[in-house]
Structure formats: C-alpha cells, structure tokens
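Chemist: In order, the protein sequence lines correspond to chains A, B, C and D. Using the UniProt record's numbering, the letters of the first sequence map in sequence onto residues 1 to 460. Using the UniProt record's numbering, the letters of the second sequence map in sequence onto residues 1 to 460. Using the UniProt record's numbering, the letters of the third sequence map in sequence onto residues 1 to 460. Using the UniProt record's numbering, the letters of the fourth sequence map in sequence onto residues 1 to 460.
Hints are not guaranteed to be accurate.
Given that identical chains are not distinguished, each listed pair holds provided it fits within a single copy or across any two copies.
Straight-line alpha carbon distances no greater than 30 Å define the calculated DSSO-like cross-link-like pairs of lysine-lysine that follow [claimed, not checked]: (1) Lys9 <-> Lys221; (2) Lys393 <-> Lys7; (3) Lys7 <-> Lys164; (4) Lys331 <-> Lys424; (5) Lys424 <-> Lys343.
Everything labelled a hint here was simulated from the structure, so no lab data went into it.
Number of protein chains: 4
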Amino acid sequence: MSYQTEKLKQEKVIRDPVHSHIYIQDQIIMDLINTTEFQRLRRIHQLGTTSLTFPGAEHTRFSHSLGVYEIVRRICNHFQRNYPTQNGGQDGLWDDHDRLVAECAGLLHDIGHGTYSHTFEHIFHTNHEEITQAIITSKETEVNQVLRQMGPNFPNQVASVINKTYPNQQVVQMISSQCDADRMDYLLRDSYFTGAQYGNFDLDRILQVMRPYEHGICFKKSGLHAIEYYIVSRYQMYLQVYFHPTSRSMEVILAHLLNRARLIAQHPEQYPEEFQPGLLQPFLTEQFDITRDLTQYLQLDDGVLTTSFSGWRTFPDPILADLSTRFLDRKPFKSAQFTEETKPLLAHLRQLVDAVGFDSTYYTATDNSYNQPYDVYDPTDQHPNAQIELMEKDGSLIELSQASLLVQTITGRDVGDSRFFFPKEMFQPEAAGLFAETATQFQSYIQNDHIIQPKESLHD
Amino acid sequence: MSYQTEKLKQEKVIRDPVHSHIYIQDQIIMDLINTTEFQRLRRIHQLGTTSLTFPGAEHTRFSHSLGVYEIVRRICNHFQRNYPTQNGGQDGLWDDHDRLVAECAGLLHDIGHGTYSHTFEHIFHTNHEEITQAIITSKETEVNQVLRQMGPNFPNQVASVINKTYPNQQVVQMISSQCDADRMDYLLRDSYFTGAQYGNFDLDRILQVMRPYEHGICFKKSGLHAIEYYIVSRYQMYLQVYFHPTSRSMEVILAHLLNRARLIAQHPEQYPEEFQPGLLQPFLTEQFDITRDLTQYLQLDDGVLTTSFSGWRTFPDPILADLSTRFLDRKPFKSAQFTEETKPLLAHLRQLVDAVGFDSTYYTATDNSYNQPYDVYDPTDQHPNAQIELMEKDGSLIELSQASLLVQTITGRDVGDSRFFFPKEMFQPEAAGLFAETATQFQSYIQNDHIIQPKESLHD
Amino acid sequence: MSYQTEKLKQEKVIRDPVHSHIYIQDQIIMDLINTTEFQRLRRIHQLGTTSLTFPGAEHTRFSHSLGVYEIVRRICNHFQRNYPTQNGGQDGLWDDHDRLVAECAGLLHDIGHGTYSHTFEHIFHTNHEEITQAIITSKETEVNQVLRQMGPNFPNQVASVINKTYPNQQVVQMISSQCDADRMDYLLRDSYFTGAQYGNFDLDRILQVMRPYEHGICFKKSGLHAIEYYIVSRYQMYLQVYFHPTSRSMEVILAHLLNRARLIAQHPEQYPEEFQPGLLQPFLTEQFDITRDLTQYLQLDDGVLTTSFSGWRTFPDPILADLSTRFLDRKPFKSAQFTEETKPLLAHLRQLVDAVGFDSTYYTATDNSYNQPYDVYDPTDQHPNAQIELMEKDGSLIELSQASLLVQTITGRDVGDSRFFFPKEMFQPEAAGLFAETATQFQSYIQNDHIIQPKESLHD
Amino acid sequence: MSYQTEKLKQEKVIRDPVHSHIYIQDQIIMDLINTTEFQRLRRIHQLGTTSLTFPGAEHTRFSHSLGVYEIVRRICNHFQRNYPTQNGGQDGLWDDHDRLVAECAGLLHDIGHGTYSHTFEHIFHTNHEEITQAIITSKETEVNQVLRQMGPNFPNQVASVINKTYPNQQVVQMISSQCDADRMDYLLRDSYFTGAQYGNFDLDRILQVMRPYEHGICFKKSGLHAIEYYIVSRYQMYLQVYFHPTSRSMEVILAHLLNRARLIAQHPEQYPEEFQPGLLQPFLTEQFDITRDLTQYLQLDDGVLTTSFSGWRTFPDPILADLSTRFLDRKPFKSAQFTEETKPLLAHLRQLVDAVGFDSTYYTATDNSYNQPYDVYDPTDQHPNAQIELMEKDGSLIELSQASLLVQTITGRDVGDSRFFFPKEMFQPEAAGLFAETATQFQSYIQNDHIIQPKESLHD
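Only chain A is shown next, with the shape it has when bound in the complex (with noise of 0.2 Å):
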C-alpha cells in the first residue's frame, strides 16, 4: 500500500557527527521527531553506564535514533536506484511504496527505551518493545498522532516492522537483522563517541553490496570481507566497550540501588525520615502495568534517576545511601574474573564481604555477560532469515558462517566472562580498620591461583 506523502518543501538537514548530515525529505519524519515522546530520547544515554568508562560517550538515543533513520533512507534510495521493482515486488525487487513505514520504522524503532534500560526492565520488569509498541498505537500518545495522519492502520504498519511481521521482509530485515541500520549506526556512533576505534567498519561499502531478494536482504558476495570486517568490528566492541568491566560494575550499584529503593519505598514507615522516591515512585511501589503506566514511563530519563539518587545520598538509610553516592561519584566496585569451577568459591567470599560489615546482597553481585543485551552473530537463531547470506553472482546464496572463517570462529563462540563484584575497600585492608585481616584473607583467597582467578582477571 502506498502513502501520499507531503514532501517538505526544502530538504532540511540536521548535522551529526558520523553521517556529517540527517536528511529529513518529508514533513511526517520531521513532526515525529518534533514530538514529546521522541524528544524524550534526548534525555536517555545511548550507552547507560558506558560513559562512566569512556567519558566521551554521552551520546543519546535521539541522535541513534536520527541515524538508523538516515541509514534507512540510503539504503531505500540504494534499492530504489538500482533494484527497483517492476510488478510491486513480485520479482524479489524493491518496492518504494514502502519506503515511508521503513523510514518511521527506523526512527521509531527505540521510542520505547527508558532509562538505563538493561537494570531497569531486569528490576522493574518493563519490555522497551512492548512499550514501542504501545507508544506506536495507543491513541494517547502524539507519535501516533502524527502517525494516524498517514491513515488509520499507519501506526499499525510500523509497529509491525518493528515487531518482525510486516509482510515486506526486505523492510523488517533493514531494522532488524544481523547486519541492519540499527547495528550498523550504533556500532559506528558507539566508536565515534567512545573514541574506541574498533567499531569503524566501512559502511559506504556495506550499502553498496547490499541487495534486496524475494526473501529479504542479501549481500553480493564481492562484498564479503566488508561484512566480515563488519563482525570483527562488533566483536571487538563487545570486548572492548559493552562488557567493560567497569561499566558492568557500574550497572550492579545501580540495580542494588534500585532494589534497596524499592524495598524503603515498600516499608517507609521503618525511616524517621520521609522517604521522597520522586517520579520513580510508581515503579518501586507496584507492578508495572503498561496501559495504566505509560505516562508515568515516559516521564522518566536519566535525569530524573540521578535526581533522586541526589536526594538519597542522606537518607538515613546507610545502604542507599551509600550506593547512591557511589552511584553518583563514580566509585564502581572491583571484581575478578570466574569460572564454572571456581564458583563454588563465592559463597566464602561474600561471607568475608559480610564479615567486614558490607551486607553481601547490596555490596557483591555474579555478572555473566555472555547475558548482556548485544547479540553476537548466531547461526543457531531461530529466524533464520536473520542471518547474513551473500549471493553469488549466479544468483545462488550461501551463509556468511560458512564463507568466512573469521565468521565461523567468532560465531561458534562465547564472548565475555563471569565476574564477581565487591567493594574496594576488601582490597585495602589499611582502610578496613578492625577487620583488616579479614580483609586480607580475602585478597588473598582473589589473587591466589589455585583458589579463585588468575593474573589478568581482576579489574578494578
């Protein structure tokens, strides 16, 4: 189906650091971005507690969201210049007149993210895609507003190319895909702003073999050590930004923070002072509900977090507040590395963690990142059309795994670690004070080979 779009009528152009421009061709894209809840994403890091390891990358998910929009563009004007459809869409070809859903996708395809993301769904139990979703077709909002401009069924569309059931695969697979505008735009904003250099893959050349198909998008196989560079790419930054131990030690304070909240919010009257969650308060008192909560959600950034965790360094709860100022000041807590055998070990450890006085549930934390929220290239997934094919020039197509060693080797991987977080502090005895031994015993149990983690595992 096709829409009658009103065309601006001068191209406006927003200026970014990794695509040097934003083209903005059509008054809806420019109306969505004008909107309350796409402004919103202004105030919410791309990166959650990354920028506490590379200070440079403050970067918000407004300005990722502008360029998977623009990724998305280039890619429809690719398709449209040298693949175009003759019989709409009937011969594998691309159809323009979905060009529009695709590029409303793209900007919207993270309207639902909130606050430090990761912590915040794992302790509050809320879904960024369900919340797109909602965002997208619940009458209340002005995206659907602007949305409904299109026609009634509009938002419908959108939200299907996000939720994967769009019956044009070649627009689902432009936003989610293993190597969709979605990656493609973080992991080079990711590198621009970290300053972290391995995310610089070539994205001129990626566009250039990439081809649509009757099956969604494939690449041509003359471009397979692009791609390739591609995943090592991601690979390395994985390694490297996303499962930063220090970040990761950044995101235990914070769910030990909001859990310890929750729990004072849940029983106040055990405080001789007023205990002030702010606009947090819905989430620590009951169960998220998405139709009641919405509005409540969306009132919610980073900001709004740091705010009261200001107004918590005093309560007279010393846990909070303590983990809040560490929160705010930046003071993660170390770890070391773990395996599968040596696990057993913790349980000593958090008991010399409480026997220094820490409380070992707020003040240690296991964190596997092989959990973290990045996918890494897997051929095992269940969509397979997921996957990475390149086509020969006979037409003929084959998995990118099977083409690329590297691809196989990354792939048939895990990538990160276990780690154990505790505080600083077991690793000064001097500040210890009466349980510096105790301290000591236990920096001994970390650094000692045949007991827990060796050589390079421990991080500060």
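Fit chains B, C and D to the given chain A structure using the hints.
Modeler: For chains B, C and D alone, coordinates are given in the frame of chain A:
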C-alpha cells in the same frame, strides 16, 4: 616552589575521542578526578542548550576538563624538553617545578561551573569563577582535601593560577589567554561533538611553535598561519555554533521559565497545588550566598533542572507549565534580527504578542549575541599579556593582529547579531484561532522590509 | 541537446581516499578513463615539486581528474533532485540533458596537463589548455574516438565547456569558477595528501547550498559561512603549501636545468660526449608546434624527465650535471625575501655568487609567488559571472565579498612574496674554500636588516 | 656502546599525513635523509602496481621509511620513560644508548629496495636485503659516509640490526618482528593512501602496551585486543589490497615484458631497429653482480622503467610493443581462480590462447598469492622470538595465538588464491575476429562450473 608528587606506579590512560588518550601520571590528578565535585561535572553539559541544535553535542564539562589537563601536560612536556630553565625561570624559560600546579589548575579551571551556567548565573547571580575559587580553597570540599596533601598553601596556589595572580605568568597563560589550553580544547571538542568541522585547527603545530618567555607564553613567528587558522576557526565556531539562534532561543525559554518559577516559589499560596521546586528551592527563594549555599549548589546539575521541569509540566500555572513543556520538548521561539534603527518597532510587536494572548514578558525577549560569554580576540583587552605575541628569530615580538590581516579583520569587528524572540504561533495564523488577524498583522510587520527585518534574518 | 548514454549494467566504483568512492555509471566515462591519454595522467604529479617539501604529496592528475568528475556527478544529482527544469532550462533550473557533457568535461579538464606544467610551459611555450582542446578534438586521440561515439559534435561540446563558451553557463561554472569542482577537489586532495589540514572545508555543506540560476551557479545565502571557510582554506593552502619556498626553489632549479639542457642540445658539438636528451629532444631543439608535436608531448611524463636527469648527472657539462644532481637529490637553493626597495641590491648579490664561482645565471633566480598559477579570489575578474554570488531567500543576489569581511580582506590583498634564490653554499663559508670571505660577505649582506631582508624571511 | 650524537639546535619536523609530523632531532638522521641513496626512494612506489588498482596509492618508500623511523623514535621514548635499565640492559629493560642505532636502522631498513621489487628481483635475481646491507656498509655510498661519522663500526652495527644479528634483540624486534615499526607503518600508510579503511588499527594503544623484556619486545596482556585487531587488519589488507587480482595481473604483464626485453637485448641483431634498453641495459644482458653493479642499480627507479616502456611502444617486436602498451595504459589481463584439481585443465586453456594468436608464454600466467612477499603471522616461523608474546601481570608469557582465537584462525590458514591470467580479448569473441569461435570455446570453458572455475572467481 617544588612539590613532591607521588607518581603512579603505572601511567593510567583514559580514552578520549579528541586527544585519543588522556595520560594520568600523578596520584594527585587521579585523586582529584575521583572527587565528588569533579565527578559532578559529568552531569553538566559543556554547551548548555547547544545540543538542542546539534544533537551530538552532549559532551560534558568533565571530558573538557580532562582535555584541558591533557593539553597542559603536553605543553609542559614540550617546554621542559625544549626550553628548560637553568636558573629557576629567571632566564624566562620553563621551570618544571611549576608543572603540578599548572596541571591541577588546568584540570580544575571549570570546577565551579553549574548547570546552564550562562542563564543560571544571570538569573540567580551566582558566579562560577567565585565558586571555582571556593571549591578549591574551602576546607569542606574533597577537592581541597586532595590538594592540601601537597602542602597547606597548595590550594591557594592553584586558585591563584585561575584568578591570574600566580607569579609565573607562563602557568597563568597556559590556562587563560587568547590561545590557551582551555580554548584549544573546547574548540576541538565542540567541533568533534557537534560535527561542525570549523573548529578543527592544527593543535600539534601550535604546540610546536609555542614557547615560554619572560612575560609568559608566545609563539614562534613561523607558526603565524597555524595561529591565524586557529583564530578563524574560533570565529567560525562563534558564528555557526555558539551564536546559533535556536540555542539562544532555548536559553530565552529557560530564563523565562526560571524567572516564572521564582515568582511562584515566592508566592506559593496563590496556587491550589503545592509547588515543588526540588533542589532549586534555595535559589528560587533566597539571594545566593556562596558560603552558606555551596553544598546546595553542588547538588544541582542538568538532570535536576529537567526533572523539576518535568514535574512542572502539569502545575496549575499555565505559563510555567507551558514553558516547561516547550523547554523539554524543544519548541524554540522563532526570532528575527533587529538593528538599532528597527529596535523601536519591537514595542508594537510585543503588543501584538500580548493581543494574541501570550504574556509578552514571558513570550518575547531580545538577545544580543555580543554579550555571549565567548570572547573574540580583542586587542584592547586590559590584560595586555593575554594577547598573542609572535617572536621573530631575533627575539623581537610582534602582536598577532599586526602580523595578520585576517586576524585584524576579525578583531576590529562585532560578531553576532541582535534578535527578537517570539512564539512560533505568531506565524501560524491558522493556529491562532480568534486571533488569526493579529497574527497575520504581526507576520507582515516582521517580514516587510520597510518595517522590521529583511530576508535571511528570520530563524525558526 | 540530449545524448543517449549507455549505462553500465552495473555501477562501477573506484576507491578514492578523498571521496571514499568514485561512482562510474556510464560506459563512456569508463572508456575515457581507459584511454592512453587519460592513463598517462597517472604519471604526472598533481603538485609538481611540492612532494619535495611534503613527502605525502605524490598524488597525480589522474586521481584529481576522477575526483573532479565525482564532484560534478554529485552536483548534477543534487540539481536534478532539487532544481529540475520544466522547460529545457528556460526557467534557470537544471536540464539533466547536459549531465553527460558536464561529466566528460569534468573528467577531461586537465587532460592536456604535462609534466611539471608550470615550469615546462614557461620554458617551452606549451600551453596545457590549448593541448586539452587538441586532445579532445583531434581525430588521432583515443579520447576523441570515445567522445565521437556520442555524436560527431560531442567532442566540440566538451571542449567548449572547458574553454567556457558552452551555452549553458551552469555547466561551465561547475568546471571553472571561483567555487568549482576543480578547485574543490584539489583543495581537499592536496590537503589530504600533504597532511596540511588547511584545505579541509565542508564539501557536503557547499553542495547543499549550491543551486542553478539563470546566469549559472550561485549559493544560498545561508551557506555564507561554509563558503567563507572554503575561501579561507584556499588562502591558507596558498600560503602554506602552494607558495612554499622550498618547492619554488626546486622549480627554480628545474627551470635552470631545462634551460641549460636546451643550450647544450642546440650546441652538442661543444661536448666530448653525445648528449642524450631522450624524449625531450623535440622540445629542446625546436619551437613547440601543437599539431606536429602532440604525439611527442603525450610521451612525456615526470618519469621521463627524471630519467633524463639521471643520465645527465655524469654529462661533461658541470652546470647540467650539478643541477641534475641537485634536482634528483633534493638540494634546494636557499632563499630570502626581497621587496621593491631592496630589489636593486640583488645585483650585488649576484656578483658575489659569481665571485664564488657559481654562474649566477644558473645559480640565482628571483621568483614572485604572485605570478603563481593559482588564483586567489579576485572581484575585478573580467568574467563577472565567475564570481561567487549568494542568493537571498527572496531571490536577490549579493556578491560574496560584499557579504563577508573575511573574503574582502583576502580579496583586496596580494598573497605571497618575492624571493631571491641562491646556493646554500653561500651560507657555508667553510664549504666555500678559497671564497670563504666572499661567502661571509654575502651572508652578512643578506642577514643585515638594513641591507636586504630581515628576520624570518630566510628559508632553507 | 654509546654514540655521541649531535643534536640539532632545533628539532625539525616533516609533515606527514599518517603520523601528523616526523620529528628529527639528530644531525645524523637529517644527513641520512639528505643522501642520494635515500632521496632515490622518493622515486620508488611503496606498493608497485597497486596504484593501478587504488589510484591514491602513489606513496613511496621514502615516506614509509620516514614513518618507520618515527615509530621507532616513539617506541624508544616510551621505553626510556617507562622501562629504563639500571644496569646496561642486564635487567631486560631498555638501554637508551641503543637508540641511535635503532633509529638509523628503522630509517634505512628499506634503502636497498628497487623499482617494482617483487617482480624485478624475481626476473633479475637481485635481492633487496643484500643490497640494503651493501648500501650501508660499502664505503662508496653517501649513506655509509654519514654513518661512519659515528665511528668506524657504526655502519656494521646498523646493518646487523637489519639482518637480525645485533645483540640487543629489542632493537632487532623494533624493526623486524610480527608487530614491528615496519609493518605498523605500512599498514597505516597503505590504508591511508589506498583509502581502504582496513589497516586502521590503534597505534597509540599498541605503543602503550609494548614493553622490553630479556628476549626482546613483548606486549602487556591487557593489550590483547588491540593486537588482535592489528592482526585482523593485516589479514584484511592482504585480502583486499595486497593480493588484489588486478595488481597481480599488472605484475604478470611487467614480468613478461621484462623477460621479453631480456630476450631482445640478448639478440638485438634480429631486429631492424636499434633496441634501446636505457639504464636497464646491464640487467638485461648480464647476471647481476652486487659489487660491480650497485651504482647502476641505484640509478633505477620507477620512472626509468616506464620511460623505457614508453620508448618500446613502437619497437618492431610486436610482443614487446604490445606488453609495454598494456602496462603503460593499464590493460590488465583477466584472471580466473583455479585449484589443485582444476590445474590440469590450464594446459588446454593455454592452447586456446595460442590458437587465437597470443603467444601463451607471454600472454598467460599462473600466480599464487601464497607466494606473495607479505607474511601472515606464522607461529611455525623458525625465529621463535619473532612471534608475538603477551606478558601477564605476573611476568609469565603466552604466545598470541594461544590467547586469541581470531589470530589462531588466521594463523592456521592459507590466505589468498591461485589464478590463471589471460588476455581480456579471450572474453570478447567479437574482438577475436576469425578466432571468435575459439574465444567462445575458451570463455565457456572458464565459466562452466564443472570444467574450471565458478562464479565469483573471475576478475577483470
């Protein structure tokens, strides 16, 4: 005077996209970075409302401060390698005993900056330079405690570099002069994060031609063009980034919003609902007193402000609620240039704005970019040694604007413009309902050459 | 007139570090690139002797020509997307029928350039513009044969774009005007390969604000600063790269060397050994005749010259042998600035050079960078439409220097200097042996302010 | 042994686009750069025929050699700052007395390289490593004369670094090991000038984690991923740049051309015209003798070869003339992959080529990129200390491929392919005239899966 510094056992590096890495070699620098006052700079944008125009510009005073430190460190290295004194600096060459005070001053030069400084200072009469001095010299701060470890007088010495009274003017000019580490870092950094390419001068070359002399720092004449280019870069950044009408418009809204909040905070009884100023309370209701209010000041950050605004969206004062929404959802005022001649016409425009139902006190403003807190090179500056001096091969000096026509051109000139700000609705008669006619009248008044401003001057 | 172009079945791309990729879409463009005349440009440096100052600057007229084509292609795309004519260009908008002639002219605009053009033309009275016309229009060349496939008149049309007589001035100005594809490519390219950062203006932005109008090409006023920055970049590149004293000094040696070779070629009988001018023969012994000598001209390239010089190192004419060695081994002359006032003193300096035993005809020179073949923006240019015009929103035009003080400053000014070149040995009395005293006298004459030039003016 | 170096009064800098600037601090380095043998490297491309595929790759061995020197200089600085020996290197730390020998060796490591080395050495049995040694140690060269100023044994010491026998393996490994200054510079440089982004690893980070130890140079384990990325970059550069079929095809033509010229030079009487081999004469007619022919060797450069080819275009040997034209006008042979299994079929293909009238000796070739002169990391290398060793925090070592799966994958693998080269005309039956049928047969033979190579393997 020389300070015994504790070197880190192992150099630490912080990844930075502008300088590639920041090198930390002294324990005291690490400790200063870890103070609560310094970490707070992570929550204060370097460019205030500019990210509302350039979405990449989310960088903070934290990374800028690290960058200034890094440039100071590199200058000291260069001076010590090429111009080491033989007699404690009597020969006009570099005395490396001053390195640590220089590095600390570079790191801390912005420590007193608060949220949206320019507007905030204007409305609440705070002064970031005074506060910087206070943070460094007050015994209560963590920064002061770290500095005192070097000796009881060390904090004062660092503070005196920042207020320019430190005896060694080479150190002073590293931090504050026309071509200092502060300006060099912010041009490169603002250029990098906005994506505007104009601030991208040749730092390596400038560091090569920089040299100490008896009155401070000068530049080898052979570096003339590199410095010329730096000055032109700065000029372009003012025109294209710092004075951008949209950012200024958002500052206008912020100022009106804070003024309105103050009025309400001082008359809360007039509202049916409790007004919640949050951490802004002391600033809204009392005159700022630096001794008494430093702690409160240090609790503020950009998130605190936007969190308050978020709460105010639904407060039963329509002006406060509307301005809060405009700020959070980025609904800038429109603006038109005016001149001394057309200025008298503004009164009538304000009447028309009032007539449509917008209180012109809160919905219009004039703003003069000449007053912006950015200094264009000014040879009439009362600190003559803050000018840029070039040294010929024979040791004689020539002031930069005497040697460069380009600089002279820029120097003798006002940069920027005067603008009148008003709601966009005044240009959308169809949205003005009953007042459509008044809006039409307003629009024609603005757009007609003979009355107010011509052509290009209008900005969304 | 419209040409039927054969599109390539599949777009071809050539990797280019400046534009990322060059996109080839037409068979004729591919065929032109594959001609012998065009491939020859691979063996001619873009910047002549500049690589002797900036070692990275080894780039050739081949890649520059591809770059100019690519920028023309992008301009045509932008024009066709945003300003397509409705009536064959009568409305002042873009007629895409002219695209192919524009692209060919962009590709071929430098096809007549020869080895070290500036010096070569000066000595041998060749003219690269005439030769460009000849290559395009002579039936003997492969270029002409390719062009003729489009129609018998096509070569003339392409040639007429280059000599500026093509009716559609939009096409002409794409290739030759103050802000054309030629200048834009060479600034970016020379900046990239020298490593000088000064030529790095914002091409994307300039292409956005460029637009066709009835008299050619102008720029939207909102792009003023981008163009200002481009002009300043060009100015800086003249000062820092194109007019560099060392490169000019090497050109002086080259000119003297070719002159000496001509003298010898015309009097070979005076030497005990056969003089081998190689492929330079016809140029040394006869007046260049474009009709007769085109084939010989096309055999020359930079390698042919240096190969001849290599052979001449041992020829029994001491001046030829020495100058050949100086050129190949990069032994530049030293130079000092002079002014109109000090110019009369040069005669005495030449006498001293002679006195030390260097023939001042071949071992000194004066050179005036004002005469360099690079044009600084000049509003008095007799082609008024080659100026840069800015278009206001209401369609009125303003000439750039009227709108920009920076440009005005640069425009009204001579750029560059006058230099006197002489052997380095004149500054090494110890190397002058018997003539040490004369050398000392020379040196003091040069270095003494009151006599000839002061301070910074001296260059190795 | 320590050498007294004369420091330059003032550091000199050479602009370099890869490292920003090259810093020259010693008179001897300046003097070496100014020798005739070193300046000659300006006339030898770093990448031979690669610029015929990537037009930007015109960079020379001159700038590469400067780059290697600069990296060595930075490594020495880093070692001296962080790992200075206390006992002449007995402690496995860095002895800065070795700095000068390291810097000279870095600068001169490629001084023996000639024009199109790979092909030239293959055809004429020269050996650039032997020649490097000869240039450094023969009393006749300017390089040797400069080196001897440091002491009579200094040239031998520099030479011994290059042939890996210098006692301090730290110095040796700076110049020749799996991650040395040579490889690091060429990857960055080749990446920069080709525009391929694949060689762009993180030099700063690698220099940070590099450290001296008793057996040479190793890397801190924490730098694992930076090194992994460097290895993958190198792998990608091999695949995408160094082994590019078009460049190899042009090398094939060059080799056949030189072979043909040798045949003619040895039988000049068979031709009606005098054959002019120019400076190639001694190489064509006699076995190369390094003692006798060094002077002649040093006269060769890329321009000398192309100048000869230019003259040969019209020589009355059709094969020589045609191959010369193909090389100068860049008319590569086409190529197809073959395998061990399909190899026997090549004989028939050669017969078809002969049948069409191309002498298959000069118009076909097989080429195996495994034999290319680029080394992929190989742990079975007989120089075990040339492997990359990682140092854990406790001082223990682990070989890189043991710690990195990616490296292991690359290591255990052949990179590259085997290709059969033949004239493009074999695929243009219409151009084959009478032999159209044979050409058609050839083409079907190549393109049919079951006979020779499939799909993607064909390259223009």
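Chemist: None of the hints should be skipped; say for each whether it holds.
Modeler: Structure-based check of all given hints:
In the homo-oligomer, the alpha carbons of Lys9 and Lys221 lie at most 30 Å apart only across protomers (17 Å), although the nearest pairing inside one protomer, at 40 Å, exceeds that limit. Taking the shortest Cα distances, Lys393 and Lys7 sit within 30 Å of each other only across copies (19 Å), while inside one copy they are farther apart (37 Å). In this assembly of identical chains, Lys7 and Lys164 lie within 30 Å of each other by CA distance solely inside one copy; the values are 27 Å within and 37 Å between copies. In this homomeric assembly, Lys331 and Lys424 come within 30 Å of each other (Cα to Cα) only inside a single copy, at 9 Å, whereas the closest approach across copies is 46 Å.
In this assembly of identical chains, the alpha carbons of Lys424 and Lys343 lie at most 30 Å apart only when taken from the same copy (20 Å versus 62 Å across copies).
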